[in-house]
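J.: Okay, here's what each chain looks like letter by letter:
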Amino acid sequence: MFYREAGDFKTSYAADQQTFPIAFDRYRYWAVLAIAIGVVPFFINDYWANAVLLPFLIYAIAAIGLNILTGYCGQVSLGTGGFMAVGAYASYKLMTAFPDLNFVLVVLLSGGVTAAVGMIFGLPSLRIKGFYLAVATLAAQFFLVWLFNKVPWFYNYSASGQINAPERTIFGHAVTGAAASPTAKYLFCLFFVILLAVVARNLTRGRIGRSWMSIRDMDIAAEIIGVNPLRTKLSAFAISSFFVGVAGALFFSVYLGAVEVTEAFGIQKSFLVLFMIIIGGLGSIFGSFAGAAFMVLLPVLLKNVMVGSLGWPTDIAAHFEFIIVGALIMFFLIVEPHGLAQLWRILKEKLRLWPFPH
Amino acid sequence: MSAAESYVTADGRTIGATVMEMRNITLRFGGVVAIKDISFDIREGEIRAIIGPNGAGKSSMLNVINGFYHPQEGEIWFKGEKRAPMRPHEIAHQGIARTFQNIALFKGMSTLDNIMTGRFTHMKSNLLMQAFWKGPAEREEVENREIAEKIIDFLEIQHIRKTPVGRLPYGLQKRVELGRALAAEPRLLLLDEPMAGMNVEEKEDMSRFILDVNDEFGTTIALIEHDMGVVMDISDRVVVMDYGRKIGDGTPDEVRNNQDVIDAYLGVPHD
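So the sequences go chain by chain: R and H.
In terms of full-length UniProt numbering, the first sequence opens at residue 1 and continues consecutively.
In terms of full-length UniProt numbering, the second sequence opens at residue 1 and continues consecutively.
In case anyone wonders, no lab produced these hints; they're calculated from the structure.
Just so it is clear, CB atoms sit at the ideal spot from N, CA and C, and this is done for glycine as well.
Among the hints, a few may not be true.
[Unchecked claim] Restraint-style ranges between C-beta atoms, simulated for each label pair:
(1) H:29 - R:138: 30 to 36 Å
(2) H:146 - R:26: 21 to 27 Å
(3) H:30 - R:260: 52 to 58 Å
(4) H:232 - R:28: 40 to 46 Å
(5) R:32 - H:79: 51 to 57 Å
[Unchecked claim] Straight-line Cα separation of at most 20 Å, EDC-like style, residue types lysine to aspartate or glutamate; simulated pairs:
(6) R:10 - H:146
(7) R:10 - H:138
(8) H:107 - R:217
(9) R:10 - H:140
(10) H:124 - H:90
(11) H:162 - R:16
(12) H:150 - R:25
(13) H:107 - R:219
(14) H:36 - H:21
(15) H:162 - R:25
Kindly generate the complete structure, drawing on both the sequences and the hints.
T.: Written out as structure tokens, the structure reads:
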């Protein structure tokens with residue numbers, strides 16, 4: 001009824017290869033963008049920004065990053081938290097060492113630093129696969145967190161061991177520090193989300209994306225086609241880490257403002273982002289958004305229902321949250337391994353015919 | 001027949017000079033000798049079959065040509081040059097493509113994406129251009145799409161263009177895999193049992209495609225196949241292997257009347 005591809009003809013290969021080949025999808029995409037840019041900033045307040053929107057946007061970037069590595073290239077990583085920490089500390093060091101550097105550049109450079117670190121920790125992937133690689137990236141997670149705790153240079157020898165984001169402005173509006181308004185923070189993160197989501201989509205539908213997926217699906221066949229496994233896997237690690245690094249830089253400087261590494265970028269963070277892409281859908285950009293939204297919104301929702309409406313103690317509510325998230329992950333792994341994105345795809349296939357059965 | 005001269009076959013195809021030559025190849029796995037002192041050549045534009053009983057070393061031979069295995073002894077000459085030991089992906093860039101005995105498609109990708117991946121060696125745009133889908137990157141995608149579409153037309157698989165290959169029936173998967181190898185526009189195409197597990201009709205289709213590929217694109221083909229009827233029908237020359245040794249080499253008729261080959265296939269009376 002609403003969702004039609006009939007009559008939507010393409011007359012060139014370029015038109016057939018665009019991001020949203022179906023007209024309805026395209027309009028919906030522009031509508032979502034228009035609301036995100038044109039409407040949300042006028043209604044945003046501190047609660048919505050800090051509890052929902054900022055974490056959603058930042059985790060979406062991290063989830064896209066991990067999805068490139070795990071969902072598209074098939075290399076499982078448990079080092080996301082560690083790589084986010086690299087992005088955070090890189091942005092901190094850049095901000096304190098070069099106070100005049102434009103903040104957008106700081107964030108992008110932090111991503112670049114993380115990409116380099118990610119490539120180093122991606123080297124074992126050439127020899128080992130699956131669980132063993134997961135354990136190797138786990139080593140990256142623990143090593144990086146340990147490093148940022150152990151070496152005072154990274155936190156500029158501050159007594160608390162914390163890092164604090166100094167104030168930085170974009171077009172005269174503060175985006176970090178205490179004076180930053182929720183609107184400025186939101187729009188700043190939104191800019192990176194849109195930019196990086198478009199980049200991720202372009203990469204995954206082109207030559208390099210196909211080479212990642214070929215390594216994921218059948219590495220031997222990929223090699224005889226001319227795909228160099230070394231370069232392909234390392235490029236996936238680099239680009240994935242770039243995304244995760246940008247997410248880490250934003251998480252620290254824009255969202256939290258002050259960070260203690262073990263608490264903010266511990267192993268739970270790695271699992272959280274992994275759960276996002278499992279629930280959202282491996283190998284799907286939309287799935288990364290869906291998973292990030294789900295994992296950010298679920299605790300907020302549960303808290304409001306259990307503590308707000310039912311009046312339960314917060315510690316019981318927190319335990320329930322673990323149980324529900326755990327059960328959901330098991331449910332998704334068994335029933336729908338391709339996650340919310342696949343459910344969405346099935347719904348769309350049904351919508352094509354609805355309300356007529358045939 | 002002499003090795004250097006080109007000649008025209010009965011059906012009007014021109015067989016050119018030697019494109020690949022294996023010289024005294026020996027391949028061992030520990031104490032097991034998989035290939036023992038084998039030499040043969042493949043000439044430009046011909047269909048060259050490798051046959052033999054199970055375990056004769058045929059697939060190992062393809063893996064040697066492909067670079068998965070490195071022989072302990074012997075030389076491989078390709079396009080008139082001795083080939084240094086190299087990785088499979090480097091060999092792909094030299095113009096050798098292949099299909100597998102057990103289908104090795106990229107299951108999560110569509111037919112079109114599988115064939116586009118086959119174009120990998122012909123695509124060069126860098127990361128930054130791809131990230132923004134601009135300029136050369138976009139042009140390259142469209143140009144290669146056109147070539148991929150030609151192959152899709154050729155193999156008559158237009159209707160499954162956007163279907164994930166995991167959902168396709170076996171015969172079509174085999175065809176898509178052939179398409180992926182063809183997309184590389186190889187100088188030499190290796191087919192490892194292209195007709196295994198097919199019914200008669202599917203075998204006829206596949207034979208027709210192999211002959212058409214050879215005829216229309218002039219692709220040199222080396223294939224392994226167990227169906228003797230097919231092999232004798234479509235190939236120009238046949239190598240017969242048994243227990244890692246070469247026991248026969250020549251036209252189908254010569255091979256059919258070779259006593260060693262008959263013994264290997266039918267057995268030798270013990271009395």
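J.: Can you list which hints this structure breaks, lowest number first?
T.: 4 and 12
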